[in-house]
Amino acid sequence: MQKTKASADELIALILEGIEDVKGVDINLLDLREIENTVCDYFIICTGTSNTHVNAIVSSIQKKVSKAIHDKPWHVEGSENAEWVLMDYVNVVVHVFQKHIREFYDIEGLWGDAKVTMVESSYNS
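Using the numbering used here, you'd call the opening residue of the sequence shown number 22 and step up by one each time.
Some hints could be false.
Unchecked claim - Listed below are the simulated SDA-like cross-link pairs for lysine to any residue, each with C-alpha atoms no more than 20 angstroms apart in a straight line: (1) Lys93 <-> Glu31; (2) Lys85 <-> Gly130; (3) Lys44 <-> Asn76; (4) Lys88 <-> Ala29; (5) Lys120 <-> Gly99.
Derived from the structure by calculation, the hints contain no laboratory data. Only a predicted model underlies this, so the values are computations on that prediction, with no experimental measurement involved.
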């Protein structure tokens with residue numbers, strides 16, 4: 022169904038760069054491949070400090086991925102209020118939260134069986 026595209030590793034690296042470029046914080050990569058009946062292979066979760074920051078992170082990810090590998094999300098949801106924006110790249114789903122919304126929904130807790138990698142930022146938050 023999906024035409025030949027960049028590897029998941031390359032897509033993840035580009036998404037992480039897009040987040041870092043605009044200083045998204047608390048970045049986690051959840052590997053869902055070992056869990057049965059998941060909708061994708063990876064979740065990338067990060068936090069923005071405001072509606073504007075969340076939208077800047079989303080825009081940065083889209084630009085970075087589009088420019089490098091000419092791919093765009095299959096679907097983007099939540100940009101209107103920018104408290105939780107979901108970007109669906111089919112195998113990789115990105116969740117960009119504001120802090121209070123992230124704490125409320127606790128995606129990492131819901132997917133407790135996933136292998137979680139905390140991504141070190143190259144700057145101090």
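Hint-by-hint comparison with the structure:
no.: 1; hint: Lys93 <-> Glu31; verdict: holds (14 angstroms)
no.: 2; hint: Lys85 <-> Gly130; verdict: violated (29 angstroms)
no.: 3; hint: Lys44 <-> Asn76; verdict: holds (12 angstroms)
no.: 4; hint: Lys88 <-> Ala29; verdict: holds (16 angstroms)
no.: 5; hint: Lys120 <-> Gly99; verdict: holds (15 angstroms)
The structure fails to meet hint 2 from the earlier list, while all remaining hints are met.
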